[in-house]
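> Assemble the complex: chain A is given as a structure, and chain B must be docked to it using the hints.
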Amino acid sequence: MSMGELILWGLVKFVCIVLGWVMLVATVLTLMERKQSAAMQNRVGPNRALIFGKKFPLSAFLGQILADALKVLFKEDYEPVNGNKWLHRIAPALGLIPAMLMWLVIPFGPGPPPGVEGHHWFQMADLNVGIIFIFAIASMSVYGATIGAWASNSAFSLLGGLRTAAQMISYEVTLGLSLVGIFMIYGSVQLNDIIWAQGDMAWGIVTQPLAFVLFMVAAVAETKRAPFDLPEAESELAAGYFTEYSSMRFAVFSLGEFIGIVAVAAIAACVFLGGWQIPWVETPLLADGTVDYGWLTVAQVAIFLVKMVFIIWLQMQIRWTLPRFRYDQLMKLGWVYLLPLAIFNLVITALVMYVLR
Amino acid sequence: MATVQVERRELTLAEKLYIPEVVRGLVVTTRQMLKNAFGKKDVATIQYPEVKKVYPDRFRGRHRLTTREDGTVRCVACMLCSTACPAKCIHIVAGDRGGADVEKYPISFEIDLLVCVYCGFCEEACPCDAIRMDSGRHPLPSFSRDKQRIHKVQLLEDGVRSIARQGGEGT
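Heads up: the protein sequence lines correspond to chains A and B, in order. Its first residue numbered 1, the first sequence is counted upward by one per residue in the working numbering. Its first residue numbered 1001, the second sequence is counted upward by one per residue in the working numbering.
Interface residues of chain B toward chain A, partial, derived using beta-carbon atoms under 10 Å: (1) Leu1034; (2) Thr1045; (3) Gln1047.
Example chain B residues on the side facing chain A (calculated, C-beta under 8 Å, incomplete): (4) Gly1025; (5) Asn1036; (6) Ala1037; (7) Val1043.
The hints are simulated quantities; they were obtained by calculation from the structure and are not laboratory data. C-beta atoms are modelled at their ideal positions from N, C-alpha and C, and glycine is treated no differently.
Bound conformation, chain B alone:
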């Protein structure tokens, strides 16, 4: 690598006097100050707790479980999501639903949000459109780790109803 000699521009007399340049700088900052104080604000800050930014549609936020027409959980405890999960943060305990076409339901459905990497593999893997990450919310802070392990009840809080067909004919 050869040394690159950068040609420095000679300062003009006005620049050497410094004061005109100071005035130029003051004009810039004053214009900006007046604009922000009295005119249209250039401020990009969002006042977070009061004002929230709307996330884009495909933002992967906190998970939620969807429900059927009758309000029961759509999840059939097939374990595909917990198998696909690279972080191993989904823990499902299956129970017998006692139905003819849908055999199982999750007795407990637990996601450890501190372990989750928000990759979206669970919603990709789900055959029933039962788990989604489209809540548009990010996990809230809490004072203990236990609070970040969210359960079925919390996952159902957003209570979205899915109308996708499930389990073949006649469901």
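Here chain A stands alone, though its shape is the one from the complex:
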């Protein structure tokens, strides 16, 4: 495939994956979260924004999403008087871009099996650093929050930014270490290879149950949501690091957060729930070792999306069930419990692998 074709396909995949699926899910999530929390708390949730006042199936859903979008577009874009204007302006983009870049290495469907040359139709790029790229990019998203917080020239924002920085750095350690066991078992850091290996052996959640729990806890902390929502703890810090943001910039911040939630769900689905693998279904291969694409591929992509939606739902459910931690509890949980547990998990995995070899 020539360079031009590669770039073209890359763009097509970007539009399909990031704009077509990720942005769509993140937008729908802003509403679904409110609806879900309403159902959990015996409330009705938003149901007033109908399109032209007409009632038809989903009209309240579509109307609410459109109304939210219009609202943030037309609100005043406030800039703090003594803040740093330019940093204040670019901070939301710094938060959003890493969240979107994470999708570069996430496979939505089967690529060529490990060791076989072929085009990755459902993955933007099969980088050989694989999931480590995601961690590298994810740790950059802390800049958006801290720079936005500092540029706002507000005490609430600054405290929120400090908390964000401390929390994300603390939990990144666990996040990364919890997956090392997976790398050891499946022998790769490339998500495509990991998913193929999960078809041969067992899903990550079976081989590494402790790592799944550790990963989910750390991931919820990374997405800065309850019970780890101290960076934006509304009862203490107004809105935390984006207190001074309004209008579309505020929306970009929260959109970045929602994309982060979807991204975490995608990683968890890939690594622990077998990605696009359907249980007990073999992926058919052609004579040259590449995948025979067909209707089964559609089902595999669909099952991956279902797994993703399930993890998103789980995150939402956790967010609306648990109360917020105190800050010292947060740090204690991260450094005193989760990190040693992750290392313990690593040692046990190594021992078991050594014995079984």
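Chain B in isolation, oriented as in the chain A frame:
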């Protein structure tokens, strides 16, 4: 007051591990969510403008004036209600009815709903069952104070006919 020492229960191991308790909490919220989403809803919200709650029978709502068999106002402008009113919100201008047994009728009958305290003294005081607060409606909102001063025409809108005897024999 002596200090009360509350004995704190020691957490069990399952509670200290936190994760089982998280799962227990998730089960509760998930059960509630599924119930509200697919089963019988626990939601107590009433969708107000479309659905209205029926008030109890003795609810004191917006006043209304009753009419006689022939459709005229039952009020005889005796001023008992405006005298009894603790908020002084009823303003009546009496006129000559020209009848033998009932001498007066209200030319204007005005209630300032913003001043009214909905105590029900007016309907208690009325000897003719002419003013009632059983409309079951509360005053509607409006954009000006004038709109809240309602007049005879508006008070008669509900147009209930009273069959109570009025003014002694032969009415």
